[in-house]
Amino acid sequence: MTTPLTTPEDYLALLREATGLDLDEASVHRDFDALAGWDSLHLLKLVSSLERATGRRVPVGQVLQARTLDEIRAIATAA
Amino acid sequence: MTTVATTPPGAEASGPEPESAFDRLRALNTEGRLAAEFPSLPSLLAEVAAGESGTADLARAGQFLARVAPDDILAAHPDTTVVSVAVAGHSTVGPVAGPLTAELARHGFALRLSLGDFDGYLRELQDPESHLHTAGTDLALVILDAQAVFDELPPVWRVEDLERAATGKLAQLAVLVERFAAREGAGTLVLNTLPLHRHHTHQLVDLKSRAALGVAWREFNAGLLKLAARHERVVVVDLDPLVAQGGSLNEPRMASYAKANLGEELLARYAREIGHLARTLKGRSKKVLVVDLDNTMWDGILGDDGADGIAAATTFRGEAFGNFQKIVRQIGSQGVLLAISSKNDQEPVLEVLRTHPDMQLRDTDFVRINANWNPKDANLRDIADRLNLGIDSFVFVDDSPFETGLVASSLPEVAVVRLDEEPALHIDKLLADGWFDVRELTAEDRERGALYRVEADRQDLLDSSGSMEEYLDKLGVKVQVAVVGDGDLARVAQLTLRTNQFNLTTERLQPAEVRARLDDPAHLVLSVRSGDRFGDNGVVGALFAHREGERLHIDNLILSCRVFARGIEQTTVASLLAHARDGLGVTEVTAAYRPTKKNHRVKDFWPSLGFEQTSETEEGELGFTHSLAALPEVPTYVHLDADLGGS
Numbered sequence: 001m002t003t004p005l006t007t008p009e010d011y012l013a014l015l016r017e018a019t020g021l022d023l024d025e026a027s028v029h030r031d032f033d034a035l036a037g038w039d040s041l042h043l044l045k046l047v048s049s050l051e052r053a054t055g056r057r058v059p060v061g062q063v064l065q066a067r068t069l070d071e072i073r074a075i076a077t078a079a
Numbered sequence: 001m002t003t004v005a006t007t008p009p010g011a012e013a014s015g016p017e018p019e020s021a022f023d024r025l026r027a028l029n030t031e032g033r034l035a036a037e038f039p040s041l042p043s044l045l046a047e048v049a050a051g052e053s054g055t056a057d058l059a060r061a062g063q064f065l066a067r068v069a070p071d072d073i074l075a076a077h078p079d080t081t082v083v084s085v086a087v088a089g090h091s092t093v094g095p096v097a098g099p100l101t102a103e104l105a106r107h108g109f110a111l112r113l114s115l116g117d118f119d120g121y122l123r124e125l126q127d128p129e130s131h132l133h134t135a136g137t138d139l140a141l142v143i144l145d146a147q148a149v150f151d152e153l154p155p156v157w158r159v160e161d162l163e164r165a166a167t168g169k170l171a172q173l174a175v176l177v178e179r180f181a182a183r184e185g186a187g188t189l190v191l192n193t194l195p196l197h198r199h200h201t202h203q204l205v206d207l208k209s210r211a212a213l214g215v216a217w218r219e220f221n222a223g224l225l226k227l228a229a230r231h232e233r234v235v236v237v238d239l240d241p242l243v244a245q246g247g248s249l250n251e252p253r254m255a256s257y258a259k260a261n262l263g264e265e266l267l268a269r270y271a272r273e274i275g276h277l278a279r280t281l282k283g284r285s286k287k288v289l290v291v292d293l294d295n296t297m298w299d300g301i302l303g304d305d306g307a308d309g310i311a312a313a314t315t316f317r318g319e320a321f322g323n324f325q326k327i328v329r330q331i332g333s334q335g336v337l338l339a340i341s342s343k344n345d346q347e348p349v350l351e352v353l354r355t356h357p358d359m360q361l362r363d364t365d366f367v368r369i370n371a372n373w374n375p376k377d378a379n380l381r382d383i384a385d386r387l388n389l390g391i392d393s394f395v396f397v398d399d400s401p402f403e404t405g406l407v408a409s410s411l412p413e414v415a416v417v418r419l420d421e422e423p424a425l426h427i428d429k430l431l432a433d434g435w436f437d438v439r440e441l442t443a444e445d446r447e448r449g450a451l452y453r454v455e456a457d458r459q460d461l462l463d464s465s466g467s468m469e470e471y472l473d474k475l476g477v478k479v480q481v482a483v484v485g486d487g488d489l490a491r492v493a494q495l496t497l498r499t500n501q502f503n504l505t506t507e508r509l510q511p512a513e514v515r516a517r518l519d520d521p522a523h524l525v526l527s528v529r530s531g532d533r534f535g536d537n538g539v540v541g542a543l544f545a546h547r548e549g550e551r552l553h554i555d556n557l558i559l560s561c562r563v564f565a566r567g568i569e570q571t572t573v574a575s576l577l578a579h580a581r582d583g584l585g586v587t588e589v590t591a592a593y594r595p596t597k598k599n600h601r602v603k604d605f606w607p608s609l610g611f612e613q614t615s616e617t618e619e620g621e622l623g624f625t626h627s628l629a630a631l632p633e634v635p636t637y638v639h640l641d642a643d644l645g646g647s
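Same order as they appear, the protein sequences are chains A and B.
With the UniProt record's numbering, the residue at position 19 of the first sequence is 19, and numbering never jumps.
With the UniProt record's numbering, the residue at position 349 of the second sequence is 349, and numbering never jumps.
No lab work stands behind these hints: they were computed from the structure.
Fair warning: there could be bad hints in the mix.
[Stated by the list, open to error] Estimated spans, in silico, between C-beta atoms of each pair:
#, chain 1, residue 1, chain 2, residue 2, range
1, B, D71, A, E17, 22 to 32 Å
2, B, S114, A, A36, 16 to 26 Å
3, A, D31, B, A75, 31 to 41 Å
4, B, D71, A, A13, 53 to 63 Å
5, B, E507, A, P59, 50 to 60 Å
6, A, E17, B, A443, 43 to 53 Å
7, A, T54, B, R183, 43 to 53 Å
[Said to hold, decoys possible] Output of the computed footprint for chain A on chain B, the stretches with three or more beta carbons under 8 Å from beta carbons of chain A:
#, stretch
8, 51-64
9, 255-266
[As the list claims (entries may be wrong)] One-sided and incomplete, this derived list gives chain A residues near chain B with beta-carbon spacing under 10 Å:
#, residue
10, R16
11, E17
12, G20
13, D39
14, S40
15, H42
16, L43
17, G61
18, L64
We put the CB at the ideal spot given by N, CA and C, even for glycine.
Okay, chain A solo, but in the shape it has when bound (with noise of 0.2 Å):
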């Protein structure tokens, strides 16, 4: 199951249901330590999801070093 990620609107219903967070369009631009209510475990459910949707590897040892869920979205769909 290959979902693009093509709009911000798919970017965000991926990370409202990987998340369970109710996040909004401003919140992917903030950095994790502004982002109410992240964890690092949110980090991990994201991953997968992201994989899930994209079905690619995604390369984990940089999203760790991401400070956005923006730059995590780049990262995920870098070809």
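Based on these hints, arrange chain B on the given structure of chain A.
What follows is chain B alone, placed relative to chain A:
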């Protein structure tokens, strides 16, 4: 049947797709109504759990359920049972939060969770101030993985090092567990066996060492499992069968980067075991298994195919049904009552159960056989009434989506096992949940089926008697009230845990807590045995009391619902009051009634024996006093044998 009449609303070509249970949960989350709708979650979660990827979907739902504060649930629904769980671990413990929340919500429990530090298990087990030891904690989970042992090895190691590390770790854990279990008021400690990964064994290249590692590892795990046998408050979850279900033990990147050494899938299965353990601790184990017959217990439809056309042996499919019958029988041999609800005529069903050569189960294995054409929800209610058991203690098994759907929607408190047309999967589906898990089986459990069948004989006597008095007189009720002996301790604890209807204060006591009261000279812990001309009922009741100066206070009185209304309860209290006045020399006896959803029938019990009501709290708890001026009489038809000891 016309198409119009069978098309359910919402399924028209132009209508929207019917929402899945998971979608409805997600909608409740988006609307912020999970706490408000908490009582409706078990039905939705049961549906999610029954789906193709049940455990994984439950864990996903747990992601957002875990964000609902237990206090918000309690504010909306003050009657909600809260389960307090403290988790410590060797690796990251956070990932268990989601699945655990979902599995508990599925049973209607709100989870109050406290997560320990990364690799904090030794310190948290040791430190009496740690969250594992907090008063009121129901379950203290110490989640271990193989790294707990492997981290102790030198950089380069031989199998002898591993053997030493494993022995040392087991000894260390044994001491910590011992100390934990000895502490007053501690919850139930839950450990787990440590699954071995291929990357552990295959670091050794010589096969001889690899085999020695295998031996040392099994001995370590066996040692852990033995800890549970030594302590009443310790449970060890064996992860081996959960790993054997398949899937990966962990996700190597998550293990490496996030120290999540046990994978999501395994933790989800673990959480399911913990959910059933919580049910057991809260006295909510299921007691009755109701099965369908056609295409559930045998291949074919009796009404259409005839007795010769059904099979539970000899054919491929028949054999699968036969194997399923064996499992049902096995469960029935351990105190679970078996009953039938089948859409058939009664006579042909009885004939098959008595004479068909394929059957592993016979008519005498069932306490009720309801073969008729009434709706199954009505039949389940009928069986519950006849057995005098709450319908929430029922598990219902059927292959028909119509029947399982009907029962799930009209009796949401019944656990429904949804079988399908593949009989080889019946066993896995029935055993996917530990509905009947109990801490320990008692002699009464093993005899329970027979006891309920004798009940039918008593019913016949009642039907042939002119009056209740005549019946009781003919029945020849014998009651023995005595201080609890060692052999009855587990049974007495079980009565406090399992009895809901005749339970005056519903104070649940684990075996260790019963023992503590037995050892306390101020406390009186009595067992009530009963019997009659049809046989011995075993231990059917318990009474807890303690002395406060010139007063004896009855903490609780419990009686199995099997033996209500035969004068046993009056006899027990009458003999206690006589002992209080003449043996203990106290001047009054006090007692209480604490209302629950289930025990309203005994609200007037104390006044009926001459107790005066003295107080009532806002929660409806009633206080009573007996002046001991006039003692109630033991009913004339009861033969009493009381031995309440000297003091």
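Right, here's what the structure says about each hint:
no. : hint                            : verdict
1   : D71(B) with E17(A): 22 to 32 Å  : 26 Å, holds
2   : S114(B) with A36(A): 16 to 26 Å : 21 Å, holds
3   : D31(A) with A75(B): 31 to 41 Å  : 33 Å, holds
4   : D71(B) with A13(A): 53 to 63 Å  : 30 Å, violated
5   : E507(B) with P59(A): 50 to 60 Å : 56 Å, holds
6   : E17(A) with A443(B): 43 to 53 Å : 51 Å, holds
7   : T54(A) with R183(B): 43 to 53 Å : 51 Å, holds
8   : 51-64                           : holds (count 3)
9   : 255-266                         : holds (count 4)
10  : R16                             : 8 Å, holds
11  : E17                             : 7 Å, holds
12  : G20                             : 3 Å, holds
13  : D39                             : 7 Å, holds
14  : S40                             : 6 Å, holds
15  : H42                             : 9 Å, holds
16  : L43                             : 8 Å, holds
17  : G61                             : 7 Å, holds
18  : L64                             : 6 Å, holds
Checked against the numbered hints given earlier, the structure breaks only hint 4 and satisfies all the rest.
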